[in-house]
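> Sequence:
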Amino acid sequence: MAAHQGNAARQRVFLTGASSGIGMALARAYAKHGAVLGLVARRAAELEALRQSLPDAQSHRIYALDVTDHAALQAAADAFMDEFDGADVVIANAGISQGTLTEYQEDLAAFERIMAVNVTAAFATFTPFVARMKARPQDQRRRCRLVGIGSVAGIRGLPGAEAYSASKAAMISYCESLRVELRASGIRVVTIAPGYIDTPMTKVNHYRMPFLMPVDTFAERARQSIEDGVSYRVIPWQMGVVAKLLRMAPNWLYDMAFARAPHKQRNL
Numbered sequence: 127m128a129a130h131q132g133n134a135a136r137q138r139v140f141l142t143g144a145s146s147g148i149g150m151a152l153a154r155a156y157a158k159h160g161a162v163l164g165l166v167a168r169r170a171a172e173l174e175a176l177r178q179s180l181p182d183a184q185s186h187r188i189y190a191l192d193v194t195d196h197a198a199l200q201a202a203a204d205a206f207m208d209e210f211d212g213a214d215v216v217i218a219n220a221g222i223s224q225g226t227l228t229e230y231q232e233d234l235a236a237f238e239r240i241m242a243v244n245v246t247a248a249f250a251t252f253t254p255f256v257a258r259m260k261a262r263p264q265d266q267r268r269r270c271r272l273v274g275i276g277s278v279a280g281i282r283g284l285p286g287a288e289a290y291s292a293s294k295a296a297m298i299s300y301c302e303s304l305r306v307e308l309r310a311s312g313i314r315v316v317t318i319a320p321g322y323i324d325t326p327m328t329k330v331n332h333y334r335m336p337f338l339m340p341v342d343t344f345a346e347r348a349r350q351s352i353e354d355g356v357s358y359r360v361i362p363w364q365m366g367v368v369a370k371l372l373r374m375a376p377n378w379l380y381d382m383a384f385a386r387a388p389h390k391q392r393n394l
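Note that the sequence shown covers residues 127 to 394 in my numbering.
I should point out that these hints are in silico values taken from the structure, not numbers from a laboratory. Given the structure is predicted, the values throughout are model-derived calculations rather than measurements. Think of the CB as a built atom: it goes at the ideal place given N, C-alpha and C, for glycine as much as any other residue. Hints are not guaranteed to be accurate.
[Said to hold, decoys possible] The following label-pair restraints were derived from C-beta to C-beta distances:
{"no.": "1", "residue 1": "184", "residue 2": "377", "range": "46 to 56 angstroms"}
{"no.": "2", "residue 1": "286", "residue 2": "260", "range": "33 to 43 angstroms"}
{"no.": "3", "residue 1": "257", "residue 2": "367", "range": "37 to 47 angstroms"}
Hey, can you work out the whole structure from these sequences and the hints?
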């Protein structure tokens, strides 16, 4: 109870995939603005190192677990809400990327793992929080955010990235469905679709990445978009323009332009 009383006025943020890349940068951005954080990732040592690097380190909580372990994820969410009397922002950021090709039977396991981490785990991340958010007074519900991290790779299918593109398209559609479902409650559902962001995930790409953005710049812009309660935003904005053009392109033109596009690596 002492921890809750000491942090009563602070924004409460629960974040998956926090130990590296976009998740780590989001944690730093929110901590800089005074939030108290619940940080989820598989690697305990990396989570603890992140926590120690944040302002007011001892106010934050870490939960070392695999997001595909739904019982462990539920327990972490419950522990965070019980200690801090709820949550204001929940960010389903955990994600993995790997090239997959349907012609290879052995890629099925990678496909299933990507869908489990990138899509099903988002559902499992949000589920524990919805009822508690809906039970809050109307003025407090308006401050609640459920945030899904999509990708411009979910706008049109990319060659060699069947699983990743499918997972991010599913995340975008899932969040849209959830947004409409929760509209009357006042809870905002926000979809952030990153373009190329300078993280360990993109460093393995051996091809040109237009409008590559530093991860800390991305995190601050994403945080502001979440605070604003936007329904959907591509960051950086230039990739948003590209995404709109790709969405409007007829199939024959898109196929001709991307049939020879570089493929993601099949092995992480």
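> Could you run down the list of hints and mark each one as holding or not?
Hint by hint, here is what the structure shows:
For residue 184 paired with residue 377, a C-beta distance near 54 angstroms keeps the hint of 46 to 56 angstroms intact. For residue 286 paired with residue 260, a C-beta distance near 41 angstroms keeps the hint of 33 to 43 angstroms intact. At about 39 angstroms, the beta-carbon gap between residue 257 and residue 367 stays in the expected band of 37 to 47 angstroms.
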